[in-house]
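Visitor: In case you want the letters, here they are:
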Amino acid sequence: MNLSRRHFLVLMPAAAIAWKSVLAGTPEQASNYKISEHWWGMLIDIPKCIGCGNCVRACQAENDVPDGYFRTWVERYHVEDENMTNPQVISPDGGKEGFPIATEDAGKYFFVPKMCNHCSDSPCTQVCPVGATFVTPDGVVLVDPKYCLGCAYCVQACPYGCRYIHPDKKVADKCSLCYHRITKGLTTACCENCPTGARQLVDLKNPKDPIHEFLKTHSVQVLKPQMATGAKAYYNGLDGSVR
Amino acid sequence: MNLFKDAGHLFRFAGLFVLAFIVFLVVRGYVVPKSFGQYGHYRGNAITEIAARPVKFAGHETCETCHTDVLDTKSKGKHAHVNCEACHGPLAKHAEDPASVVPVKPDTAVLCARCHTASAAKPKSFPQVDPANHSNGVPCETCHHPHNPAIADAGAAK
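Those protein sequences? They're chains A and B, same order as listed. If you're matching positions, the first sequence starts at 0 in numbering that gives the first Met the number 0 and goes up one per residue. If you're matching positions, the second sequence starts at 0 in numbering that gives the first Met the number 0 and goes up one per residue.
Treat each hint with caution, since some may be false.
Computed footprint of chain A on chain B, listed as stretches where at least three residues anywhere in the stretch have a Cβ under 8 Å from a Cβ of chain A [as the list claims (entries may be wrong)]: (1) 33-46; (2) 56-63; (3) 82-93; (4) 108-117; (5) 121-129.
Note that these hints are calculated values from the structure, not bench results. What you are looking at is a predicted structure, and each value in this text was computed from that prediction instead of being measured. Glycine residues also receive a C-beta, built at the ideal position from the N, C-alpha and C atoms.
This is chain A alone, in the form it adopts within the complex:
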């Protein structure tokens, strides 16, 4: 084949464009998830929690959470009869491998799973200087790792201690409410793996969600209501000693 320099120069850009479109592949089919039709939250049923740590392990596996960091963790409270305001709280390795055996003695024990409360008026998103963290239109607090500078202002601002700076990526990281799962119609990794149903993903914009009936008929609280964060992690049977 006798390819002249002139033809070569004409063909090269055309070939490059063609190759680029091959590499790009066909664009992924847009899902039928409608962002404006959801308002996500979480129901945590304290009397059902057995402190097995399944949620913590599932979260770390699903979201590649580095060791020693937690997007969700479980605390064990021990409240003595006459020391209501001073509970003893432990959370060995986030409760990932369970808890030491509690023996019957004075007071009560219970487990409190904790996670991002996905506040609708979240203090953490308000302090971000670069718009790297935000509340999505469906009510999930997310971090844009490409925009985050790692200044950790949000880590300080979260009253629930739910954020950390990722040790390798050097950006803020937190519970994403398994956004990659819930937008595909799955539940979160922690809810999927909770053996007793102590955690349930709820969609407050879905009129058929049993959460509406549940909230009507149970004594439900959020953590630190006095901070007016608009927290959407609803705790059933939460003891007054929980901070």
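Put chain B on the given structure of chain A with help from the hints.
Guide: Just chain B now, with coordinates in the frame of chain A:
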């Protein structure tokens, strides 16, 4: 009339400002992502990027499309509401390629004890045992089938 004699300096200065502003606008147009401000003061595409992350736990509906026999056994027992991957671990890769990704059978000595070891901190209604005294080292699955843990011979034993 000599008032504007030296005004040229000012016009040149103003021109410089206008030029700098145009340069700023052009650079900003290139640097700020298109989707910034789509929903608010953040990059709208960040939402789609986060939603596109890979799933590791397939979800019990996926498991149940093939393992209908296990679903039948499980739905009759006390573990009906314990989802598959709560014990078997994240298996989305197995669901995508069942032939080459074969799950490892979990060790019941670790697995059962995780939930059922007796502790005063657990809800009273939850079945709990002291593993050492309960079976004297005999593996759990000798008596209890994990998918339907009630012992058939003993009637409706807990």
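Visitor: Take the hints in turn and mark each one as holding or not.
Guide: Hints, one by one, checked against the model:
Check result for the stretch 33-46 of chain B against chain A: holds, 8 residues qualifying (beta carbon to beta carbon below 8 Å, three or more required). Counting residues of the stretch 56-63 of chain B whose beta carbon lies closer than 8 Å to any beta carbon of chain A gives 3, which reaches the threshold of three, so the coverage claim holds. With 5 residues bearing a CB less than 8 Å from a CB of chain A, the stretch 82-93 of chain B meets the requirement of three and the coverage assertion stands. Under a criterion of three residues with beta carbons nearer than 8 Å to beta carbons of chain A, the stated coverage of the stretch 108-117 of chain B is upheld, 4 such residues being counted.
Under the rule that three or more residues need a Cβ within less than 8 Å of chain A, the assignment of the stretch 121-129 of chain B holds, with 3 such residues.
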